[in-house]
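Participant: The residues making up each chain are set out below.
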Amino acid sequence: VTTQLEAANKADLCFIAVYPEHHSTLVELKPALAGKTLVDVSNSLRINQNGPSNAELLADYFPESSVVKGFNTISAWTLQMGPRDGGRQVFLCSNSQKAKNTVKAVCHRMGFIPIDMGLLSSSLEIENLPLYLFPSWRLPLLCTLFLFIFFYLYNFFRDVLQPYVMEGKKAFYKMPIEVVNVTLPSVALVMLALVYLPGVFAAILQLWSGTKYNRFPNWLDRWLTSRKQLGLCSFLCAVLHAVYSLCLPLRKSARFKLVNMAYKQVKAGVDDSWVDEEVWRMELYLSVGIMALGLLCLLAVTSLPSVANTINWREFSFIQSTLGYCALFMATAHTLLYGWNRAFDLRQYRFNMPPTFVLVLVLPFLVLLSRLALCVPCAAGRLRKVRRGWERSRHIRFTLPAEGCHNGLEDVSNV
Amino acid sequence: VTTQLEAANKADLCFIAVYPEHHSTLVELKPALAGKTLVDVSNSLRINQNGPSNAELLADYFPESSVVKGFNTISAWTLQMGPRDGGRQVFLCSNSQKAKNTVKAVCHRMGFIPIDMGLLSSSLEIENLPLYLFPSWRLPLLCTLFLFIFFYLYNFFRDVLQPYVMEGKKAFYKMPIEVVNVTLPSVALVMLALVYLPGVFAAILQLWSGTKYNRFPNWLDRWLTSRKQLGLCSFLCAVLHAVYSLCLPLRKSARFKLVNMAYKQVKAGVDDSWVDEEVWRMELYLSVGIMALGLLCLLAVTSLPSVANTINWREFSFIQSTLGYCALFMATAHTLLYGWNRAFDLRQYRFNMPPTFVLVLVLPFLVLLSRLALCVPCAAGRLRKVRRGWERSRHIRFTLPAEGCHNGLEDVSNV
Amino acid sequence: VTTQLEAANKADLCFIAVYPEHHSTLVELKPALAGKTLVDVSNSLRINQNGPSNAELLADYFPESSVVKGFNTISAWTLQMGPRDGGRQVFLCSNSQKAKNTVKAVCHRMGFIPIDMGLLSSSLEIENLPLYLFPSWRLPLLCTLFLFIFFYLYNFFRDVLQPYVMEGKKAFYKMPIEVVNVTLPSVALVMLALVYLPGVFAAILQLWSGTKYNRFPNWLDRWLTSRKQLGLCSFLCAVLHAVYSLCLPLRKSARFKLVNMAYKQVKAGVDDSWVDEEVWRMELYLSVGIMALGLLCLLAVTSLPSVANTINWREFSFIQSTLGYCALFMATAHTLLYGWNRAFDLRQYRFNMPPTFVLVLVLPFLVLLSRLALCVPCAAGRLRKVRRGWERSRHIRFTLPAEGCHNGLEDVSNV
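Residue numbers (the numbering used here), protein chains in the order written: chain V, -9 to 405; chain B, -9 to 405; chain E, -9 to 405.
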């Protein structure tokens, strides 16, 4: 190992991995580093919102050197194993184009793909990159959590507390599984409706303004971009609901109930307790539920990055839009069949609270009906015209072909 | 924003996003665009089989400009978010190599990977790319659908109609779940056999012709290339079968039957209704079925693009061929154990229709037996020799190493 | 097709696909090939540990040509379909930099990504690459198999043999499903503990030596690098356990038992056989088990290459470390709740063998307690300091930024 000074004298390119508070320790290297390229690879310990970034501080300290920010997003793991799979992108920025080009060449030689992020002012963003913790998942997860707590409490009041208060029946054993299993499908269906609601809003806005070139309001834009996360949260709840449901007959409580049922039938001397309506209701809602889950699985698989990359935009749009609406429809039908005629049964309105499925169905109905309304010929025709940008297609655009991909752009809000 | 003319005068490279029927609106730009590079980014609205393509029409209209087709497969979404993940490939074609090189350089600078597709005559193919809707899935899906309808009707006649016609028993409640659940595994097993059948045909053909350098007939080639899709359809049916089966004890009908069974046992005064043979049959076929499903899951996971990319050809071939045949064997054993001795029970031949599993087993048996026959030393040895291209390996090939990857090529038909 | 000699005369670059034992057949081409670049694309039939490689033999035979090893990892399939998805990396090595550069250019033109592996001495490694069969999975799979056999025999002795020997009860029907279903969760939990044990060892070693720059001993290094495979094996067992459990009520044996239970209750005249403690135990351990499985699913999904590539190091570490420990904790709680008070029930110690869950819990408890101990402020603080490399961060490093990614390196052992 060489001393710092020797190394600084010899090298043209120096990687600096020093926290800003220790920049002063490099003071004696200043003359040796003048005119050379310094690559700041340091990371902060927490997200830095206001700046200045480590790289900017380094540039202030070594005004005669060219500072390039980069390599901080590459983990030691990747550096050790080589960039053979994944994580091959190196984000770079610098005020000196020449220094940046040198580092880019180094990247290429090492097998990485340099991504130019412009001037050193982008370094704050680059330094924050490895510190983010699922920023796009925050809102969807909060939304899921909120809905879960709301529906859990609602079901707890209806299914556990009411029987206890009114009839003294202890049904607290229902809390870990049965109440959760009524809550999960509620959350899943409401979340699925929330995936398709912003698309309906966007279509209405486009019809209203008569153009697709107006920017959507900010909240709608954010909502549109988090549809994937909302959908995956919905899928997670649906899968958990399926697993919980399949566990129901495993439980001791189910077995006790069944044996007691048999006991009662024997005591009552009933030959056959078969009730055709109940049988049909359950066969139907189970079978529709399985189909809805199957469609959601397809949607989830195609949202895997490697699968999404192998399909073209029309295929993506077909799956996410057409199959997605089918899944929403199936899930709504599953809930309706589950509800059967209970919405009209006054005994179900315990504590004056309607059965959960009544609350849950509001949003999906709204989405499905609006979607249906948008399929009425006059609305659909106008919408198609607006989305193809017809009235504006007479011009040549000399910028990037934001408009060239008619299919693409039209579907961003359509999916 | 500049006017069209100003922009056309200044720029060397123009992106044209105009439908062919509106090319005439660009007439006044003709002199300004002469000698410049025009990138046609337009997309058609439906697949154009016969040509001419939009780009060719543009080239006819601007004979003095160099037309490059490209960027039409990139969605507006990707252009907006940057090519950081997925969809980084830009397909380009042009009759002018110089113009193509300019556009390639632009691609690289934007972070895309240009793929050269040759002369402008390829533009029809490039324009059709974003319009395809799962072309490789059409046949496998149709095949699945046809098998599903056939087996569903077959089971409906045997399990629902026959008891109704002969004994007046109403078993229509079986239609949504039980009949589907006998149909799905039948489709899954036949489809799985269809995955391995073309490989057997290919081996027999290679043995017959004594060389691996003869092209396979067209139908076999198409069949070989759609094995992945056939396999995934089979997997989908198998998973649905598992879910349907797990749902069986959830149903009211199952509960009613159980309680009635208990009632009858009490009435008959039978102490213990345990039948050892039935217990063993079910434990065995369930356990073999789970293993078959587990193997199919492994096959499905390794067919995900990102997983398939991390394994080498020998590993891929081991999973798809060795584990695949294990899965086929297990699934066949599952069906045999399910059938037990019912194939020899005349009462099962309702309406003179054999039990479904008898029909289903024909193809898997055929595949497994042929595979076994190909493992007999003399056949296997000859096949190995043919596949290593032994008698032809004395020559140097100066073309691409189609033969260099002995392991590779041998397995294309082996898997 | 040209003759070999004509082709050798014309081309500057020749692809050689000939096994070493047939190099002598090329003797007449020697003068024609002198000074030209030969790309050896051949593959061996089995792994060659000692050398010399095919390419080295070729270089010995043609000392006047420049031999480049490469393209052997590309399958004929990829060459035929084009490198559009996956398998785009071509590993190259040669003693002649000029020849290597020529081949690199060919790679680029064909759409492949050349990876430079240095001198021709690397050719042995490159030739072995396509022959490996899951080398990183060998140890984890052997470990799983060993644990499976051990626990299966243990459970077989306790649950099948003991009742038969002691009371003459035939419970052999339990072998295909019930015994397997007690074995699988045991393997899954022990394997999950084995995933987190080496991290604990690493932390203790770092605390002990007071630095993170000492290399770990070899066994620990190998263990740390196979954690992903260990975790996936554990996940596989957990999923199979879930499927087996869900199949339990499907079985004829379960139905017979239930009906017999009902019969006994009727005979005994017991109105209600409900036992609150048993109900609560089962509801709780099922619900905790589902959560543990859900967390393991998340871990498995994020270990898919394409998903892992889209998340940064902090997110990866959060999922694999924080959520991973949550999963371990949940799985341990699931086992504890399953055990309930049976560990203190002497009747469970058949043949003096403790219940399986008691054995299983040893390792998870050890890991969770050590982890807890490492969270005690004084240990945690020192560890954090060691992992940030604080005392050594005053130096500039002129090599690659092994240290720049403080977050990265710290987490390699932390996860």
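Quick caveat, the hints were computed from the structure, so don't treat them as lab data. Don't take each hint at face value.
Quick list of simulated restraints, FRET-style, between CB atoms [as the list claims (entries may be wrong)]:
| no. | chain 1 | residue 1 | chain 2 | residue 2 | range |
| --- | --- | --- | --- | --- | --- |
| 1 | E | Leu129 | B | Leu349 | 28 to 36 Å |
| 2 | E | Asn38 | B | Phe140 | 22 to 30 Å |
| 3 | B | Asn342 | V | Cys365 | 44 to 52 Å |
Taking lysine to aspartate or glutamate and the DMTMM-like style, the derived pairs with C-alpha atoms no more than 20 Å apart in a straight line are [to be verified]:
| no. | chain 1 | residue 1 | chain 2 | residue 2 |
| --- | --- | --- | --- | --- |
| 4 | E | Lys94 | E | Glu115 |
| 5 | V | Lys242 | E | Asp262 |
| 6 | V | Lys242 | E | Asp50 |
Among chain B residues calculated to face chain V with C-beta under 7 Å, some are [unchecked claim]:
| no. | residue |
| --- | --- |
| 7 | Leu143 |
| 8 | Tyr144 |
| 9 | Phe146 |
| 10 | Phe191 |
| 11 | Val233 |
| 12 | Ser235 |
| 13 | Thr292 |
| 14 | Pro295 |
Virtual Cβ for every residue (Gly too), placed ideally from N, Cα, C.
Participant: All hints are to be evaluated individually against the structure, with a verdict given for each.
Facilitator: Verification of the hints:
no. : hint                            : verdict
1   : E/Leu129 - B/Leu349: 28 to 36 Å : violated, 45 Å
2   : E/Asn38 - B/Phe140: 22 to 30 Å  : violated, 52 Å
3   : B/Asn342 - V/Cys365: 44 to 52 Å : holds, 49 Å
4   : E/Lys94 - E/Glu115              : holds, 19 Å
5   : V/Lys242 - E/Asp262             : holds, 13 Å
6   : V/Lys242 - E/Asp50              : violated, 75 Å
7   : Leu143                          : violated, 18 Å
8   : Tyr144                          : violated, 19 Å
9   : Phe146                          : violated, 15 Å
10  : Phe191                          : violated, 28 Å
11  : Val233                          : holds, 6 Å
12  : Ser235                          : violated, 10 Å
13  : Thr292                          : violated, 12 Å
14  : Pro295                          : holds, 4 Å
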